[in-house]
Amino acid sequence: MEFGISYVARQQLHRDPMNQLFAAERWESMDVNQALEVSSGKLLILGNSGTGKTRALHKIMHTAINQATLGDHSPVPFYLHLSEWSGPRKEMWRWFVQSIHETYGVPQRILVQWLTDSELMLILDGLDELRFRERRECISALNKFVSSNPGTQVVVASRLNEYRDTGRKLNLKASLVINEIDERQVSDFVGSFGDSLSNLNHALGRDGQLRQLLCNPLMLRLAISVYSAGDSPDFAASGDRRRSILAAYVNSAERSMKRGADAGMWLAFTALGLREQRRSLFCPDRAPVEFLPNKFKKLAETRTLLMAFLFVAVPSFILRLVMALFAPESPSKSVHLSLAFAVPITYGSLAWMVARGDIWAPAVARRTSVARSLFKFAKRLLGVLLVEGVMGISLVLSGAADDFLGGICLAFLTVLAIFPALKMARESQTLDPSEMPDRVGGEISNLVRSTVTVAILVSAATYVTLSAAFYFFRSASVVSQGMLYSPLLNSFFYVVPTAFIAALRNGGLDLIRRGQCRRIMTKAGYFPRRHKTSLEEARRVSLLVPRRGALEFRHPLIRDYLSECISGDGLHPFVSLRSTQKAE
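Per my numbering, the very first residue in the sequence shown carries number 724; after that it's consecutive.
Just so you know, these hints were derived from the structure itself, not from any lab. Just to be clear, a hint being listed does not mean it is correct.
Dumping the calculated DSS-like pairs for lysine-lysine here, alpha-carbon to alpha-carbon at most 27 Å [claimed, not checked]:
#, residue 1, residue 2
1, K782, K1020
2, K1246, K981
3, K981, K782
4, K782, K892
5, K1246, K1018
6, K892, K867
7, K1255, K1018
8, K1020, K1255
9, K1021, K1246
Throw the hints in and build the complete structure from the sequences for me.
Put into structure tokens, the structure is as follows:
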């Protein structure tokens, strides 16, 4: 490791004995925590891909957490990924507050106070994953933040070449360049394993390019993992030794997965989606929607809208048909039989319109506060009952309850009675990213719970208000002749479709959309059939690692290699033949 000031803008430090070290241009073999102390918590970490920059950040994070828990007024550390920075229009200060709130759930007012009092340490990774222009703008935004908040500790990591190419320097106090190890250290380290890595040791002895490649710590770890499993990369098939080791590592990981798990094409396609969207994290529950190829979007939209129509129309049709067929004979029975076909189509069309407006809204989980919803409903219900009572009494006293005016009033009050329930149907809230479930299938369970909860609430609300409306007019001939059953049972004609539309609006559409996208992606080979098993196995063999309630690839190099299996010179042998045929 080389510690110095050549890569940072600020080269004048406070005069104290520790900072007299800066009389030289650089120092070798300085530990990352020593570098952090000397730079007063304002450090830039640079290195090539795979040299251990993120590992160094984790070491700083671990040390800072231990110090903060001791209660010695040390700043509270937070790890953030700059690839998720939203661009120059948002101030870095605001982005820090919002990102920490969404990621760690800390209230924003507390974060504002901590930033004001310089009680935060910001550990920032992924600067190199931004596009060139965004990278330059991010450096400028960080410099502005550092100048405005001189007491806040900031640690930034980036690949050396990507940082140097910007032509700009961060306004930090020092930089730490993590160098690759030399060939002698590689040979000595591999030799220390004895016969267990004899094949790798022999390969190093006759292949100078391999020795040079394994000076990269990540590639050395991957090579040791491959050879320890008894595999050997096929260097003859490809002149690219880096790609050969990555291929061997991924193949070895796939073979070690339990039976029933599937890596294949979906993992490569997920890597391609992350790379194209400049992201590092993905949520398995949202991946089928977020990574759906454009060529499948029209198909997914059509299927989702059709399922939304059927979701509301079919239960309404079954209910009306069964109730009309088994009702006692009455003058209105034939009318209700015809309505069994017409009304479900009307409600289904309404569901289609509701779905069409929200079909490509961001995939999210939802929550519903039952107590708050019931409180608001109770206030609206009192207003509706008051209006119904006044109108019902007025019609009876005026003798107009049995004429045409009574029918009009009944229709009006029926619509009025559904109003509180429809208002309730629109009042669920989307969850913040910090509140998203952190397990595979957790977000789906959350959506199901929200959907069922709102459906029950709305159906109960509709039942109460409609039953009250019908009872106010139970003596009117236009009501008694038009009902097949008692007012309580007759209200179910409206309860069921209203509840299903409410369920659609409060997570049901998201469930339908995810299901259709997952079926399309699975059939094309872009998503695993047994996705829970496959994801857990990918985590177990360290192809994927959990972070912030989501998943990411073990290293960007592995992600980029897998994405090239699809976007490069064709599909790598790692992608199974079965998946390839499906994709074609």
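Here is how each hint holds up against the structure:
1. For the suggested pair K782 and K1020, the alpha carbons sit about 43 Å apart, so the restraint of at most 27 Å is broken.
2. Under the criterion of a C-alpha separation no larger than 27 Å, the hint pairing K1246 with K981 is consistent with the structure, at around 22 Å.
3. A C-alpha spacing of about 33 Å is found between K981 and K782, which places the hinted pair above 27 Å, so the restraint is violated.
4. Between the alpha carbons of K782 and K892 the distance comes to roughly 24 Å, so the proposed pair stays at or under 27 Å and holds.
5. Restraint check for K1246 and K1018: the C-alpha separation of about 14 Å stays at or below 27 Å, so the hint holds.
6. As the CA atoms of K892 and K867 are separated by approximately 12 Å, the hinted pair is consistent with the 27 Å bound.
7. Under the criterion of a C-alpha separation no larger than 27 Å, the hint pairing K1255 with K1018 is consistent with the structure, at around 26 Å.
8. About 24 Å separates the Cα atoms of K1020 and K1255, which keeps this hinted pair within 27 Å; it holds.
9. Proximity of K1021 to K1246 is assessed by CA-CA distance (about 16 Å); at most 27 Å being required, the pair is judged to hold.
Violated hints for the displayed structure, listed by number in ascending order: 1, 3.
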